[in-house]
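Undergrad: Take a look at the letters that make up each chain.
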Amino acid sequence: MTAGPMIEVQNLTKRYAGRLAVDRLNFTVQRGEVVGLLGPNGAGKSTTMRILACYLPATEGTARVAGLDVYTQADEVRRRIGYMPEHNPLHRDMRVRDYLKFRARLKGLSRAASRERVDIVMQQCGLTEAHKRIIGHLSKGFQQRVGLADALVHDPELLILDEPTIGLDPNQIRAVRQMIKELATRHTVLLSSHILPEVEITCGRVLILANGRILAADTPNNLQKRLGEGGLVVAEIAAPEAALKACFDTQPEILRYDIAPAEGAYYRCTFSAPPGVDLRPILFELVRQHNWTLRELTRNQLSLEDIFVRLTRPDREEEG
Amino acid sequence: MRVYWLLVRRELGTFFVSWTGYIIIAAALFIMGLSFAGILQALNTEPLTLTIHELFYESVAFWLVLLVATPVLTMRLFAQEKQSGTFETLMTAPVSDVQVVLAKFTAALVFYGLMWLPLVAITLTLRQYTRQAAIVDFGALAGAMAGVLLLGMLYVAIGCLASALTRSQVVAAMLSFVTGLAIFLGGYLAYAVPPQLGWPHAVLSQMNIYQHLQDLSRGVVDSRAVVFCLSTTFLFLFLTLRAVESRRWK
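These protein sequence lines map, in sequence, to chains A and B. Using my numbering, read the first sequence as starting at 1 and increasing by one per residue. Using my numbering, read the second sequence as starting at 1 and increasing by one per residue.
Just so you know, these hints were derived from the structure itself, not from any lab. Treat the hints with care, since some could be wrong.
Stated by the list, open to error - Listed next, the in silico DMTMM-like pairs over lysine to aspartate or glutamate satisfying Cα-Cα at most 25 angstroms (straight line):
hint, chain 1, residue 1, chain 2, residue 2
1, A, K101, B, D97
2, A, K140, A, D75
3, A, K101, A, D75
4, A, K101, B, E11
5, A, K181, A, E33
6, A, K132, B, E11
7, A, K245, A, D278
8, A, K245, A, D258
9, A, K140, A, E182
Excised from the complex, chain B in its bound form:
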């Protein structure tokens, strides 16, 4: 456990000693700010029928940040260490593969959480200036945050696996971006495939992260969403672990 926290701290530190961390946060902030300005504009012209955070999931900005930022912030995790050779010094220290995988995952997830912090500020600002307490329902906000976190876990886990498979950060980023995009778009297929088809529809609607997030941000905690995100996160982390262990396969 001590080693785990040590590694988490070290990984988090890496985000901030180089420019990567700041650039990712700045880019996410920029996109969110843009989206915020758009919402303000919309609020001025017509009355609102959705809750504020729902507007975010309707917006391209949210998905752009999720789909693009996660590959960028996870690509480094294993690939860079393999490239520079520090993976060898790490793995010849008395640490277990599980500790390393979980620590890297946790650090990336914490960073992902930090990245979304401005969103809270934006929501609160909106609440302040509209002077309408009802516009932000805290239950729904909590649901939305849970949704962001669950999706983050899934996407960070995908990034971990991609990074563990290669020593090139570019390849890792591409791989996790394509996988993440495939899951996102696959969910949309649920609307196109009729329910009469049986299992294809069932599978696709499980994958429909857009729908999941919408439910959560309305304060509806659907166990399907939670189960889907947690189980896929677990699957990808397990595969990451196997990838890390594979160097010791005979």
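Here chain A stands alone, though its shape is the one from the complex:
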């Protein structure tokens, strides 16, 4: 095994008949990382993955997997990748075990090795019970497991999973996520999704894509810190409205606030703070100084979802 990053993408561009799908993409994935490609539909996630899986050529730029060029050394790269395309296409007329065996042999495993690996991945993906069933008769969740087992069967260094949980029910999603998490200990994983919590839960690092470009790349936590401002703080205070206003107006840390009457003497105040500032201790101090009564103080962290919407909504450019 060579050292160096698992995936290296430089100036990757893909143009389909007049439409730019991927626009000068640059990113690196280290060995052992779990990276999520996140973006609205049509952002270029699938195209990027197809290029990495050696299915499509890039128009410009280079992509390397384990130091091997995906265009000129495609055969070597394919041996190292377990790729599950979008919508998880399978030979629906085959039985689970036969299909996995066929795929294992196709990926160059010997008869004995394929038998062994098929048993292992069926166990790993919870398919042992279903090994004789016809794939087309399985539920979608089980079909997804078959796809995942196929991607895993030759024990690849890199797993590329395009929308692995699309179309599943919540329980199945949870099961697939759990499997991906377990896989992350042995493989480098690149997965795509437009479902945010999924990426938030499973990935160590997130690349947010829109219109073929990377808008942000960081850990989910850092993204929240960097882009999330201080979040919204909500407090319920019993005090005269005028006194509250007078007090808040003089505080430099409070960017904006909003006061609405709640039941009794309480007012529900909502504050927004600049990035990196936690308003809660400041507010508590104010309440203490004025001898008001405080019954609630909470901060709503901006979720990845909010960040995503901010970054990718179409009117963002006019805002500058």
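On the provided structure of chain A, position chain B as indicated by the hints.
TA: Just chain B, lined up with the frame of chain A:
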């Protein structure tokens, strides 16, 4: 090579896990049987001047099976995989485009061979019941089988190309049927175009698969027939390969 055989087996399996394979064989069997009954009838009324298998090429049944069955059995090869998306999992496995094209071609050709097996049975039955060993000349029979195989290679290759060009099986079948029919009818034009015209006649008589098959089934192995079938098969397979590769053109 291992991957190639694996793919051939998988492709052949596909014919038989669905109804397609059985339906094609049943239809071919039906047409051949019909033709067989017709021959028996003819034998009862008048003495025979042709050999038995020649009767087959004279009959509509043979050409019907060749022209209709090959598009139907090849339309699936690439189009279905493209439609269902399994083409992507196939082509991202460590297999080469050549392996895939040749494996699909071989599987379809083997199936085509299986389809013609009843013909052998029919010939042998005829021999048994007429009690005339001379009615079936094994040399001529071998020639005829070689002819069926050569034509099969050409028509299966046409089907491969048609299927590789589209993701719709219907379009693939139409395309290969029309191409196959054009070659068949083009050969007939050789009779209409006088030899004095020079190259048009030469080209058309090369294409005359009917004549080729007739020669072969009389035990005359004409190199023109062999060269024509093999070279066009190669051409169509080459074009198929290019079509499969085209997704990786920059």
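Undergrad: Hint by hint, note whether the structure agrees.
TA: Cross-check of the supplied hints:
Our distance criterion of 25 angstroms between C-alpha atoms is met by A/K101 and B/D97, whose separation comes to about 21 angstroms. Distance restraint check for A/K140 and A/D75: the Cα-Cα separation of roughly 31 angstroms exceeds the 25 angstroms cut-off, and the hinted pair is therefore not satisfied. Between A/K101 and A/D75, the direct Cα distance comes to roughly 20 angstroms. Compliance with the 25 angstroms bound is thereby established for this hinted pair. Proximity of A/K101 to B/E11 is assessed by CA-CA distance (about 15 angstroms); at most 25 angstroms being required, the pair is judged to hold.
Straight-line distance between C-alpha atoms of A/K181 and A/E33 comes to about 11 angstroms, which keeps the hinted pair within the 25 angstroms bound. Restraint check for A/K132 and B/E11: satisfied, since their Cα atoms lie roughly 20 angstroms apart, inside the 25 angstroms limit. Restraint check for A/K245 and A/D278: the C-alpha separation of about 20 angstroms stays at or below 25 angstroms, so the hint holds. Using a Cα cut-off of 25 angstroms, the hinted pair A/K245 and A/D258 holds, with the two alpha carbons roughly 9 angstroms apart.
With a C-alpha separation of about 21 angstroms, the suggested pairing of A/K140 with A/E182 holds against the 25 angstroms cut-off.
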